[in-house]
Amino acid sequence: MNTFKLSGTVIETESGHPVPGLFIKAYDKDMIYDDLMGTATTNEDGYFSILSEVSDYRDFFEVNPDIYFKIYGSDQKRLIMDTKHCIRWNADDGVVFNLKADREKLGPDHPEGIGFILLGDDGAPRSEFEVGEPLNIGVAGLASQTAYTLRLSNNSGELLFEERRITDIEGTLPSASIWPQLGLDDPNSDEPITLDQAEERWAGQELRIQLLKNEKVLTEKSLSIPPVLTRPLLVGTDSDGIVRNGFVAGEAEAIVSGVRMPFTGTARLYLVPRQHNWQPGDRFRPVSLANGRPAFVDVNIDAESRRFRTTVAAADELAPGAYDFIIRRIRYGYEDDEDFVLRAADIVGYRQLTGLVIREEFMASKFVLGGCINKQEISGRTIPGRPYFRFTNVFPVGSDVYGALDPTAIDPGAQGKMVALYVVNHKTAAQWNASTALNHLPVLGGNPAVPKFKTQTGCINYNDRLLWPNATDIGEYDIVADFGNNSANAATFVTDASYDHPGPDMLDGASSVGFRVVNDPTTYTTFNHAGTFDYTDPAQTITDDDNSWDPYKDQTASTETQSVAITARVYFPADSAGQTQASQISTTQLSYPMFVFVHGNGHSYQGYNYLLEHMAKNGFIAAAIYIPGGMRGRGRAELCFKHIDRLNTTFGTKAANNIAIMGHSRGAEGVVIAALRNQSQALGHNINAVISLAPTDHYGRHTLGGTAAAPYLVIYGSMDGDVAGGTSTFGGNTIPAKTGFSLYDRANGAFKSMVFVYGSTHGRYTTVSPDTDITSWWTKLTTADHPTLLNQQAHQYIAKSYVLAFCRQHLLNEPEWAGMLQGEWVPPAVEVVDSGKVKLFVQHLDANAKIVDNFEGTHDANSWKFSTLGGNASQNVTDGGSLPTPPDEEKLVDVDSHSPHDTSGLHLRWDNQGDTLSFDIPSAHKDVSNYDAICFRITQKTVSGVNPVNADQDLYLKMTDTANLSRAIKVSKFTSIPPVHTRGNSQYTKSAMNTVRIPLHVWEIKVAGTQIVDLEELAELSFYFGVHSTGEVEIDSVAFTN
Amino acid sequence: MNKEFFHFPRLEAVAKTMNWNAKEILKDFDGKPHLLVRLDLRGPAFDHRALEPIVWVGGVASRCVELSDDGTEAKAYFDTSPVGGDIEFGYEDGVVYRWGGRFDVKDVPRLDRKKLPQKLKMIDGW
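Top line first, the protein sequences correspond to chains E and L. Just so we're aligned: 81 in the numbering used here is position 81 of the first sequence, and the numbers increase by one with no gaps anywhere. Just so we're aligned: 86 in the numbering used here is position 86 of the second sequence, and the numbers increase by one with no gaps anywhere.
Derived by calculation from the structure, the hints in this document are not laboratory data. Warning: the hint list may mix true and false statements.
[To be verified] Chain E regions said to be covered by chain L (calculated; three or more residues, Cβ under 8 angstroms):
1. 559–573
2. 598–607
3. 715–725
4. 774–786
Glycine is no exception: its CB is placed at the ideal position from the N, C-alpha and C atoms.
Make a model of the complete structure from these sequences and hints.
Right, here's the structure in full:
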């Protein structure tokens, strides 16, 4: 009888535990009917085997079977997994399978106890590792949110590594590398060793990893390093073969060493951008070096040694970044060998780890010029795609807080040393100056449970750790990396529970909050239910503007009347589901603020249910009102009041006179007109928030301000296909109009904020015909723009989060949202929606800001020399003759046709890193200590050949006191100055301002090598262009603010 | 009002089919009667946008334009008399349709002057 044997093991993915009792069915995939080859049940080791008769499956054409499995629970009914998507084609007799099942899918069949698994670079379980391979671990079945210690020892019991980690809410230690390149660094020192020395030292050794809790060993695993190494290894080294995975840009060549190559002859070594989890079929491209040369080099591998060492890029050719190595055999005449598609036979340095990290020069990366302060981002979250770890300062309640030490930010003297990461309550700079003591949060187990590990010099992913699983305590926190006694040896490392500065310790905090645990306004609700109903009342006569397509010429446009039905959709907070009557409004509160939404032309009041429901579940009576087609600004404003009256009648005393009005498109301009008419007509509505979503700006040069001032929020997208931009005339002058900018620019007298969203369109904020401005024949977008557009969910998240935060801040008096509306943080759900594609930039200005210069007034060739604060008596602004041409103080649209702001600003260009622009602070204004921050608006000029290509611009902001003590702060450490978002139709590309906000206490904190500035005695404020040697920007609204 | 101050180049397309009809009508603005020329256009799609629609005849711009809810009809009101020439439809950011040389003011039916209300705001240039 002709038989075929297959066997395998099923383990739990998370723990590596074998899974007993599972019912396995093996199939042969055929063209019509798949043949069942046999069944089996896994034993205590998760093992199964099936012996099949060949005649059972072999068909006319087939020699070997194409095998897949269906795996059922112990009840033999519940399907746990099906591997039909991953068939083993043409399998040989005796084939062995390693199957992994997720704990969630295993359900009641998941194995009990502690699962402890060692994993190779390919993610497969291993017990044998070769020198240079990453040693990864995964542990499951532990207590939730509890600190555990991992201890790695050699066969003589000598401690090699020790780490303390905290489990997540599921009781799992997330899979991570405990020794990224086994044997290639000395565990107990930071002395470099060569590949040969490493192999000689470790080959044939046995190692042991123990898992401990409170010094008690819970379980352990052994692993062996074979005496004869066989696996190929591709690693960055120096010319002597000493392992070197990272260095500072310009300091060294990129040299690669390869050993045990599986082929001989000519091979091509590529340096490629870092990718996580390389797989055959992935596309790659060699890095383009500084001189434009693609980064690859051909090497010869001789049959005897099967090794090589070569330079792939010179020291001055490589930019800071993360790179991988790929080597491929090249055969003469085979042009396919030059394809940039990864093959199974290609050798990749590492699949999970980074091959080479080129770091930015250490001191240049610091935010205080010339000062060695280790204030760096640490908090963040792991993400599945590049760059695999994202620094973030905001975490929604219940999420996991990770921390990572960027190798570029670690003091060179501390690299390769042990470190402890403390999570502490946020302290201001003054509080840190007063006390450097570290108290790891009690909820995390206090100081005895602080995570500790050995830092790695290569990729940031070596240095990320879970710090706070399931963070639930809303608040502000800092993280400190405490290098303690600065030891590389886990056995001798001692934390000192103190933030030592100056010194190697790193702080994520002080100058700004390290991280926040917040209610995410995208999903946050205070009521579980929202009731809803529609109403339609008899038509009423509404007065509207008539000829308003260029009303800037005539602000007293005449009016016409029309009859309009009073129709709206209403949502309200409710105590149970399914409520449809106003009388069923929640009994929790005596009254509720009101939120009235005015839609745009061609839109529908039925297209914003997602927003209304969100507002209602946050305690607002929320209504979207019907507007007939074609209605203009005044008509929309008047209808808004009709509905406020109607809602007051409907809800009676439950409706508070505490109102937010929001509009979209024409409605967005309509609500500004409504706020103005509310004041001019003395209507008595307390309008405490006005929100314009992608507003038009063509029913008059309206200014929300003066006695009608109200907190104002604008949301506008770089890819608006309808309100895309244009100009109008006013008083004989050209005025930028028809964008979302001008209404924001003109608003005054109250806090204002504008969120400019890259990739946001006009229509995707509504659910009814959301893509009209993308697909219509009149669209101002091109097909080239389409890949940059955010999806509809991203638009809705942005609207829900920013509108709610703004309304809660200004109607419910909740100050905790201020940071979001000042651009300090982005809601977590917005950060990750649409695959993390959202980039948004926030402008803001407080009504009580002390303006240093707003660049308004009469403009001439010398007007830039006089600031708003300094007056016109004598020159108080100077470039010291440094700038190549004098700055232009002018209407922004006149100096940059892509800058559609209705405001003046300063356009300037620099061509030397020594260039400056300084503003004198008059003695009457020298005390700025009562302000929280300095802020200014800035944008890169769109058409300029001197800004970084598709990259952020950067500069320093310097303050000098009357004692001539000064300090310069790098702007990019607080706010980016991004490249403009270019559009396919370039005339609609906009130089959008972005507000840089820097806390004033960064000029007061102790920083070795720099001076402390007395903020009660400020003498001068300077822009110092010492980061990039050239640049061209526009600046506005330089102010001290709270 | 002229269209030349638009900053951006106009988008233009020649619509293949278009029917138009013009007549004098009365309409109240600020509560006062105005005599206007109304030009009704049918044929292409007249989409509702955030921006205001505009019709030009021989370079003379309409005072206002009303689009039907279904976008099949545009009613353009002129308080300055167009004389004749191309009919163009567009929005604040430019022309999108043009029909060559169709309109002639002589074709516009007039209202009986004797029946019009007093204190009427007449059409400029009529």
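**Request:** Confirm or reject the coverage of the stretch 774–786 of chain E by chain L under the rule of 3 or more residues with a beta carbon closer than 8 angstroms to the chain's beta carbons.
**Result:** holds (count 4)
**Message:** If you count the residues of the stretch 598–607 of chain E with a beta-carbon closer than 8 angstroms to a beta-carbon of chain L, do you get 3 or more?
**Reply:** It holds: at least three residues are needed, and the stretch 598–607 of chain E offers 3 whose Cβ sits within less than 8 angstroms of chain L.
**Prompt:** How does the coverage statement for the stretch 559–573 of chain E fare against chain L, requiring three or more residues with Cβ below 8 angstroms from a Cβ of that chain?
**Reply:** With 3 residues closer than 8 angstroms to chain L, the stretch 559–573 of chain E meets the three-residue bar; holds.
**Prompt:** At a Cβ distance under 8 angstroms, does chain L reach at least three residues of the stretch 715–725 of chain E?
**Reply:** n = 4 at 8 angstroms, threshold three: holds.
In summary, this structure violates none of the numbered hints.
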